[in-house]
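Trainee: -2 is the number of the first residue of the sequence shown in this note's numbering; add one for each residue after it.
It should be emphasised that the hints constitute simulated quantities derived from the structure, not laboratory data.
Predicted, not measured: the structure shown is a model, and the values here were computed from it.
Where hints are given, some of them may not hold.
Here are the computed distance ranges between Cβ atoms for each label pair [as the list claims (entries may be wrong)]:
| # | residue 1 | residue 2 | range |
| --- | --- | --- | --- |
| 1 | Asn11 | Glu56 | 27 to 33 Å |
| 2 | Gly15 | Glu56 | 30 to 36 Å |
| 3 | Gly46 | Gly15 | 27 to 33 Å |
| 4 | Gln0 | Phe24 | 18 to 24 Å |
| 5 | Phe44 | Val17 | 17 to 23 Å |
| 6 | Thr51 | Ile7 | 26 to 32 Å |
| 7 | Asn11 | Gln43 | 25 to 31 Å |
| 8 | Gln0 | Asn31 | 26 to 32 Å |
| 9 | Gly15 | Thr51 | 34 to 40 Å |
| 10 | Ser39 | Gln63 | 15 to 21 Å |
| 11 | Gln43 | Thr14 | 25 to 31 Å |
| 12 | Trp53 | Asp(-1) | 15 to 21 Å |
Yeah, the Cβ is synthetic: ideal placement off N, Cα and C, and Gly gets one too.
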Amino acid sequence: MDQEFHDSAIICYNNATGEVQNLAKNFFNSMDTNGDGRISRSEFLQFLGKFNNTQWIQELFQSIDQNGDGSLDFVEFLTPFYFVSNWRVKCDGLGCNTWLQGLYF
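Go ahead and model the full structure; you've got the sequences and the hints to work with.
Mentor: Dropping the structure here:
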């Protein structure tokens, strides 16, 4: 994942309400099934296994794993959480419905 998006995810988390921060922590904990404070590749695959596209999931995991250690810590996890929480801006004009490139604060 682009460093700019990773950094913006951290900024958004730090400026989010306590409710949103708790939501992120709870979501992280639901993926961290062994409770070690990290999401392993197998935990990630298990959580997203319903998509039946192991190659795509592996590539996604690699792009999120900023330090390449084979697991996701909470800070690395914030990047995909940022995307799925709709903190990014989508173009709704003229039916394009695509993610806008870059950051918009």
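Trainee: Is it true that the C-beta distance of Gln43 to Thr14 lies inside 25 to 31 Å, as the hint says?
Mentor: holds (30 Å)
Trainee: Given the range 17 to 23 Å, decide if the beta-carbon distance of Phe44 to Val17 lies inside it.
Mentor: holds (20 Å)
Trainee: Range hint 25 to 31 Å: satisfied by the CB atoms of Asn11 and Gln43?
Mentor: Roughly 29 Å apart at Cβ, these two residues keep to the hinted range, so it holds.
Trainee: For Thr51 and Ile7, compare the CB-CB distance with the range 26 to 32 Å and indicate the outcome.
Mentor: With a Cβ separation near 29 Å, Thr51 and Ile7 satisfy 26 to 32 Å, so the hint holds.
Trainee: That 18 to 24 Å hint for Gln0 and Phe24 (C-beta), does it hold up?
Mentor: Between Gln0 and Phe24, where Cβ atoms are some 22 Å apart, the hint holds.
Trainee: Between Gly15 and Glu56, does the C-beta distance stay in 30 to 36 Å?
Mentor: holds (34 Å)
Trainee: Does 27 to 33 Å hold as the CB distance between Gly46 and Gly15, or does it fail?
Mentor: holds (31 Å)
Trainee: Has the hinted range 26 to 32 Å been met by the Cβ atoms of Gln0 and Asn31?
Mentor: holds (29 Å)
Trainee: Taking the beta carbons of Ser39 and Gln63, is their distance inside 15 to 21 Å?
Mentor: holds (19 Å)
Trainee: Take the C-beta atom of Asn11 and the C-beta atom of Glu56, compute their distance, and say whether it sits inside 27 to 33 Å.
Mentor: Check passed, 28 Å falls within 27 to 33 Å.
Trainee: Is it true that the C-beta distance of Trp53 to Asp(-1) lies inside 15 to 21 Å, as the hint says?
Mentor: Because 18 Å falls inside the window, the suggested range holds.
Trainee: Could you check the hint for me, namely that Gly15 and Thr51 are 34 to 40 Å apart, CB to CB?
Mentor: holds (36 Å)
Checked against the numbered hints above, the structure violates none of them.
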